[in-house]
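Student: Chain by chain, the residues run as shown.
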Amino acid sequence: MEKVFKKYGPMTETAFYILFSLTEPRHGYGIIKNIEDLTAGRLKLGSGTIYGTLTKMQKDGLIVIFADGERKTIYEMTTLGRRVLQREMDRIKEMHHHIRTFEEGRS
Amino acid sequence: MKKMKWLWSYRIEETEEWLEQMAGRGWVLEGFSPLLRIFSFKATEARQLRYHIDYKASDDGRLEQAGWQTMAKTKRWTFRSAENPQLYPGRDALFKRFRLHMYSILSVLSFFFPFLLIPIAILSLLTQTEPTGIHLLLLLAASIGELGLVLWVYAFFRKQERKLLGLPEMWKARKTNHKKLRIGWFYDPYHTKKWLQKMFDEGYELEKAGAIWFYFKPRQAEAIRYEIIYENKVDPTYYHIHEAAGWRLVHTSSSSVMNSTLWAMPHVADEEPPAITYDTRERQRIVKKNFTMTTVISLILMLAQSLSISNYLLLEDDPFSSLEFISSATALNIFLVIMWLVLYVKSLLGYRREMREMRDD
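Sequence order for the protein chains is A and B.
Numbers 1 to 107, taken from my numbering, label the letters of the first sequence in order.
Numbers 1001 to 1361, taken from my numbering, label the letters of the second sequence in order.
Bound conformation, chain B alone (with noise of 0.2 Å):
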């Protein structure tokens, strides 16, 4: 019997799940195509059977050892299945080939959106006009139905890289809780996680963050620590590591690259207080990748913004002139800037702060 399913690499748990239900009726994985994403199964007697799917997997004799048998393979998967296995392979090289999937398919369709000028540039040629409103609609439609595509694209492949990652399900939040709202929040580590230990000892305790949120319960731990750790790239055993050592995940951005993640681990007020690390040098380096970050895309926003700015200089004859150049996009985007720029300094200040105190420790 041949089944095809799409997207099976994308949905790994599910695929496994799958195979699993497939053994559960007598029907056991004998072959794999990839090409055509066809999987072929033998007919044999009802077993209950764990599957895992490896993906560019190395080594053999271990997983042998533990029960595993190879049902199907190809140049870069290998099928395996158990019976009660005590030892599973790892899922690192397959979570590497999902994210990279993942934000290739995204920037992509991203940097598609300036293609979709292309038609509308066609359109006018041929009917040798000007653009009109209805080509100004025509691409109105277009953009809104390339970010919705883009956005539900993002919503399924981020769902699966949660799954991948361990992370728990998504948390929604409580009458109870005590709400407050800070911007920014983690371009400007220092200041934050100084306001959190204020807040402890006001008696409140952090329960979970988001990009702009924080709720709080009231508070329970004798002391609390919070670390605010940002990654270049992050993978399952970061999260697994961490709760491991009895950190608990009270935010993390919605992307594994370019990641920022709150920790907290409350502790005994006498001993100690807990740290991601206890070395002084890799707790600067922590820091310093943290602000090298904020003032990347501090340059980017600045540059995008002299590139529209000299943009707009550009196309008008006399922009000074014009009411258009105080209209309220302009106002708006001032304000912004602004506003970004305060961020900035304190990041700034809090970053030369902490660095200073880690040298005075």
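Just chain A, with the same shape it has in the complex (with noise of 0.2 Å):
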């Protein structure tokens, strides 16, 4: 479990933004999409990035897939994730609360 925990501390913003769209489950197409709406299409993926991101994350087990009615691949993710989605999070807002108080320090 620890080994996961390192691989993923701290992780790429791609990774992140890849996971988090994963708090509910999705199609491959609808991750990139997704991430281009929150991120105002700064970040623009190609699916090339996508299937390299997952296709790891698949093997260290912290998304699974299945199939929806039509058989088009659904991706989400499973507790594992969840934890790995939670400690990147917490260390974000960790960072965040730094700035802000030195932002408010300063004016």
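Hints listed in this document are in silico derivations from the structure and should not be mistaken for laboratory results.
Among the hints, erroneous ones may be present.
Pairs of lysine-lysine residues, derived as DSS-like cross-links and limited to a Cα-Cα distance of at most 30 Å, are as follows [claimed, not checked]:
(1) B:Lys1096 x A:Lys7
(2) B:Lys1075 x A:Lys56
(3) B:Lys1075 x A:Lys72
(4) A:Lys33 x B:Lys1163
(5) B:Lys1233 x A:Lys59
(6) A:Lys33 x B:Lys1208
(7) B:Lys1056 x B:Lys1003
(8) A:Lys59 x A:Lys44
(9) B:Lys1096 x B:Lys1073
(10) A:Lys56 x B:Lys1233
(11) B:Lys1172 x A:Lys72
(12) B:Lys1002 x B:Lys1075
(13) B:Lys1159 x B:Lys1075
(14) A:Lys56 x B:Lys1096
(15) B:Lys1056 x A:Lys6
(16) A:Lys44 x B:Lys1193
(17) B:Lys1042 x B:Lys1056
(18) A:Lys7 x B:Lys1172
(19) B:Lys1159 x B:Lys1172
(20) B:Lys1159 x B:Lys1056
Just a sample of chain B residues kept apart from chain A, beta carbon distances all over 12 Å, derived [as the list claims (entries may be wrong)]:
(21) Leu1139
(22) Asn1177
(23) Arg1353
Virtual Cβ for every residue (Gly too), placed ideally from N, Cα, C.
Hints are included, so try docking the two chains, each in its own frame, into the full complex.
Tutor: As structure tokens, then:
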């Protein structure tokens, strides 16, 4: 378990947003669109990027694959995935807190 | 009622359909014995069921919620049925097993070839004669037989693999297609992509490509982007993800191992061209992987060449004097080697240009 946490802490921005998108089950293309919408177009990911990251995450047990009624692939986060995401969000929240404290200190 | 089905796990969709048909006739799956491949059924009223066969299944809770019932279970296999499922388990574990079996069996069958010489050797030892014409004929027949067997087994597996990967049926070229020949194009992606763009500018859009033939149709899109991707291994997810993002599969090589695929995406002229990846470092990795594969294959070919040359030199007393040295076989060999070297140099130059272009972006 510790190995996974070390590997995914800290996460790259791309990996974070991909895992973050899977707080609800999505199709591969849904992940791309969701991230584009969330970041107002700043993060535009190619399907190659998604494929590579999802393959790695699946191997590490962070996500599982299902298929919907039309046999299209759906990605879902596992319990381990949720824990990894939570750890990362906590880390980012800590950073954000430091930044806010610094900015408020200056004004 | 019990039924035996061999090779059922290599024809998973057919097996599932068969189970569904049985359910439709009032026979529902009760048990499974993996050793003898025996399926046991119990009689009930006819039911419309969907079956799904899972390999190394882990998560049961989620699927139970979606209406799946486990009908039979062994250590590795889980047979589930549901009335009208909106959620299906993934096929990735099954695909990995299928691919492992496919390539192991083909490897074993291929490497069996040298052992064909053993019966011939034994035969000549028993009859105390030198290998004669009859022996060579037997060897030839056995070789052709073995080659035929390997090809037939490959065709069977590949057909099933295409189904698992979700690939479309084999496409037949139309008379209206504009054909162009290009040998070894997947070893030289940079120049191939440039050439395809040039063809597009001249009004030809690529419809399908084979190992050496390219089939064009009249251009319909405003602009197009072609990508040539090499992967050491591909699985069903690979094709799903790219297709869902809008990439059209123009070509994929006939193996899911050491696979080269050509994708196309038409797009609106003014917008930024689509790409398989927008990350420069990832793009560089893709290009490098392709070139590494080309280099490795070149090294293997060179090794095989030098082995056969040194083998020849060892066998002959005075190799340079005999006419066989200048035989047609050797001439063809030299010609092919030169062709390969030319291709490799082009590939190297294309690789360097592509890497440089990415750095300058």
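Student: For each hint, tell me whether it holds in the structure or not.
Tutor: We went through each hint and held it up to the structure:
no.: 1; hint: B:Lys1096 x A:Lys7; verdict: 24 Å, holds
no.: 2; hint: B:Lys1075 x A:Lys56; verdict: 26 Å, holds
no.: 3; hint: B:Lys1075 x A:Lys72; verdict: 28 Å, holds
no.: 4; hint: A:Lys33 x B:Lys1163; verdict: 28 Å, holds
no.: 5; hint: B:Lys1233 x A:Lys59; verdict: 14 Å, holds
no.: 6; hint: A:Lys33 x B:Lys1208; verdict: 28 Å, holds
no.: 7; hint: B:Lys1056 x B:Lys1003; verdict: 23 Å, holds
no.: 8; hint: A:Lys59 x A:Lys44; verdict: 24 Å, holds
no.: 9; hint: B:Lys1096 x B:Lys1073; verdict: 20 Å, holds
no.: 10; hint: A:Lys56 x B:Lys1233; verdict: 13 Å, holds
no.: 11; hint: B:Lys1172 x A:Lys72; verdict: 26 Å, holds
no.: 12; hint: B:Lys1002 x B:Lys1075; verdict: 20 Å, holds
no.: 13; hint: B:Lys1159 x B:Lys1075; verdict: 28 Å, holds
no.: 14; hint: A:Lys56 x B:Lys1096; verdict: 15 Å, holds
no.: 15; hint: B:Lys1056 x A:Lys6; verdict: 27 Å, holds
no.: 16; hint: A:Lys44 x B:Lys1193; verdict: 23 Å, holds
no.: 17; hint: B:Lys1042 x B:Lys1056; verdict: 25 Å, holds
no.: 18; hint: A:Lys7 x B:Lys1172; verdict: 47 Å, violated
no.: 19; hint: B:Lys1159 x B:Lys1172; verdict: 16 Å, holds
no.: 20; hint: B:Lys1159 x B:Lys1056; verdict: 23 Å, holds
no.: 21; hint: Leu1139; verdict: 45 Å, holds
no.: 22; hint: Asn1177; verdict: 27 Å, holds
no.: 23; hint: Arg1353; verdict: 21 Å, holds
In this structure, the one hint that does not hold is number 18.
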